[in-house]
Amino acid sequence: MNISPMTLEMAIISYQPEQRAMLQMTVETARAVFSAEASSIFLLAPDRSALTFEAVAGRGEQTLVGTRVAVDRGIAGWVLASGQPLAVNDVSKDPLFNREAAEATGFVPTRIIAAPVLSDGDAIGVMEVLDQTTARADVLSDLDLLAQLARQAAIALQLVRRAHAAQALGKQAGDSYHGLARLVGHLEALDDSQRTAAQQLLEIISALFSGFYLHVD
Amino acid sequence: MTSPKAHLREIKPALTWRLTEAHQHTLAISSAWPTMGTGDWALGDATGKGVRVCLLDSGVDSNHPLVGPLSAAFTVARNVENDIVVTEDSEGDSCGHGTACASIIRSVAPECELVSVRVLNGTTGGGEVLLSGLRWAVRNGFDVVNLSLSTNKPSLDAALRQICDEAYFSQTLVVASAHNLPIESYPWRYSSTISVGSHMERDSGVVYYNPTPPVEFFAHGQEVTVARPGGGTHICSGNSFATPHITGRCALILSKYHELTPFQVKSLLYLTSKNVG
Numbered sequence: 016m017n018i019s020p021m022t023l024e025m026a027i028i029s030y031q032p033e034q035r036a037m038l039q040m041t042v043e044t045a046r047a048v049f050s051a052e053a054s055s056i057f058l059l060a061p062d063r064s065a066l067t068f069e070a071v072a073g074r075g076e077q078t079l080v081g082t083r084v085a086v087d088r089g090i091a092g093w094v095l096a097s098g099q100p101l102a103v104n105d106v107s108k109d110p111l112f113n114r115e116a117a118e119a120t121g122f123v124p125t126r127i128i129a130a131p132v133l134s135d136g137d138a139i140g141v142m143e144v145l146d147q148t149t150a151r152a153d154v155l156s157d158l159d160l161l162a163q164l165a166r167q168a169a170i171a172l173q174l175v176r177r178a179h180a181a182q183a184l185g186k187q188a189g190d191s192y193h194g195l196a197r198l199v200g201h202l203e204a205l206d207d208s209q210r211t212a213a214q215q216l217l218e219i220i221s222a223l224f225s226g227f228y229l230h231v232d
Numbered sequence: 009m010t011s012p013k014a015h016l017r018e019i020k021p022a023l024t025w026r027l028t029e030a031h032q033h034t035l036a037i038s039s040a041w042p043t044m045g046t047g048d049w050a051l052g053d054a055t056g057k058g059v060r061v062c063l064l065d066s067g068v069d070s071n072h073p074l075v076g077p078l079s080a081a082f083t084v085a086r087n088v089e090n091d092i093v094v095t096e097d098s099e100g101d102s103c104g105h106g107t108a109c110a111s112i113i114r115s116v117a118p119e120c121e122l123v124s125v126r127v128l129n130g131t132t133g134g135g136e137v138l139l140s141g142l143r144w145a146v147r148n149g150f151d152v153v154n155l156s157l158s159t160n161k162p163s164l165d166a167a168l169r170q171i172c173d174e175a176y177f178s179q180t181l182v183v184a185s186a187h188n189l190p191i192e193s194y195p196w197r198y199s200s201t202i203s204v205g206s207h208m209e210r211d212s213g214v215v216y217y218n219p220t221p222p223v224e225f226f227a228h229g230q231e232v233t234v235a236r237p238g239g240g241t242h243i244c245s246g247n248s249f250a251t252p253h254i255t256g257r258c259a260l261i262l263s264k265y266h267e268l269t270p271f272q273v274k275s276l277l278y279l280t281s282k283n284v285g
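Chains as they are written, first to last, in my numbering: chain Z, 16 to 232; chain D, 9 to 285.
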């Protein structure tokens with residue numbers, strides 16, 4: 016299997032918690048700014064089959080991460096499909112609201128504001144704020160603010176997506192791949208002089224492998 | 009020293025538009041610009057009667073009292089051969105967005121002939137379907153097309169621009185909503201459309217001209233009371249809901265002066281804007 020440097024890099028990243036921490040900080044910031052009951056970020060599955068809770072602050076924080084919801088229904092589904100933010104003052108009156116899905120999470124809000132998480136113009140996820148209690152003189156400005164936070168979430172979600180892809184590749188590659196990932200991890204842990212020597216050693220090994228492949232081909 | 013390239017980047021138009029209190033000063037209009045032909049002459053006693061309005065959206069609940077009867081309803085979708093076709097539609101509204109927009113158009117121009125063309129199914133649609141729907145509407149000679157939608161597919165840019173130009177020269181007004189986020193999207197940034205963003209005022213009759221396009225007009229788009237499928241109302245916000253206010257106003261103007269060209273209607277929109285007239 017051909018493992019690109021980017022994939023390897025992301026495999027290392029996948030072992031680290033920073034991107035999840037960044038997502039969590041984003042929802043916690045949103046929850047604090049809007050004085051909301053909850054805030055969450057969904058990630059669209061690569062095959063577009065579902066949205067998955069990737070980070071939750073407030074209600075559902077301990078239980079919802081990893082839970083999947085329908086991609087073709089609900090307010091999140093609309094925001095994902097349209098690529099537009101949306102504010103719903105009273106979900107009980109909104110035809111988009113997927114009550115069944117909300118009840119399954121254990122919390123049915125009254126008000127939702129939501130914004131797409133965009134990567135190169137495509138929606139790769141959705142960020143929501145549930146039951147904000149801040150004074151709302153200007154709902155469009157609220158949506159602008161949420162969209163700004165969603166841009167921050169987009170960076171973290173891109174990393175999560177790459178990490179998921181790298182992990183999937185890692186499973187296919189088996190132990191040898193994890194061995195490579197561990198090797199790079201060890202390399203990172205060395206001091207400068209040791210790392211220089213180790214890199215020289217790796218270059219020699221790499222050259223040997225290149226020759227080996229040439230012979231095989 | 010600023011390089012020529014950097015200068016170009018600085019003057020590139022913004023990707024999204026909204027009129028906030030902080031930006032009211034940007035609406036100042038030169039006193040040398042014309043301000044004649046406003047108010048009653050353009051809009052007085054107009055109802056939209058006789059004007060054919062096409063709403064490209066998610067379908068419409070035609071039984072809702074705030075929407076009233078539709079003249080017809082169609083859907084644009086792929087058939088089993090994967091061809092995009094336009095067929096008659098009886099499914100109503102797939103998500104509520106179209107019904108909301110229809111009720112706004114009806115509130116402004118109560119006697120216009122409203123036709124629904126569903127290009128969104130549930131929460132999904134497609135840029136190609138949107139393009140096909142728009143082409144169908146233009147070639148069927150509608151007076152006004154409301155497009156509270158956009159696509160971010162660059163591959164459709166040229167075709168959308170072409171059909172919007174075709175509309176402009178065949179007396180069809182395409183009223184298009186600016187995207188709510190700062191991303192590249194189409195077709196609202198074309199000069200052949202009438203592009204719309206939201207202002208923050210509560211008065212549904214207030215329209216502002218924007219002296220720094222591509223968005224040319226701001227209309228009521230914050231906390232708009234709209235119809236919801238099945239009955240009743242709810243509150244919606246965004247440029248999607250500002251756009252039908254301008255569509256309705258275009259229908260009013262055309263119901264009085266049906267021979268006006270898109271350029272002339274746009275000029276009357278300018279002359280009847282709050283910061284002009």
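Misleading hints may appear alongside valid ones.
[As the list claims (entries may be wrong)] As a list, the in silico SDA-like pairs of lysine to any residue whose alpha-carbon atoms are at most 20 Å apart:
# : chain 1 : residue 1 : chain 2 : residue 2
1 : D       : Lys161    : D       : Pro118
2 : D       : Lys161    : Z       : Lys108
3 : D       : Lys264    : D       : Gly52
4 : D       : Lys264    : Z       : Pro61
5 : Z       : Lys108    : D       : Gly238
6 : Z       : Lys108    : D       : Gly52
[As the list claims (entries may be wrong)] Stretches of chain D that chain Z covers, calculated by requiring three or more beta carbons in the stretch to come under 8 Å of a beta carbon on chain Z:
# : segment
7 : 181-191
8 : 217-227
[To be verified] Cβ-Cβ distance ranges computed for the label pairs, FRET-style:
#  : chain 1 : residue 1 : chain 2 : residue 2 : range
9  : D       : Gln170    : Z       : Glu115    : 50 to 58 Å
10 : Z       : Gly136    : D       : Ala30     : 49 to 57 Å
11 : D       : Glu192    : Z       : Ile170    : 34 to 42 Å
Hints listed in this document are in silico derivations from the structure and should not be mistaken for laboratory results. Note that beta-carbon positions come from the ideal geometry of N, C-alpha and C, so glycine has one too.
Could you tell me which of the numbered hints above are not met by this structure, giving the numbers in increasing order?
Hints 1, 2, 4, 6, 8, 9, 10, 11 contradicted; others consistent.
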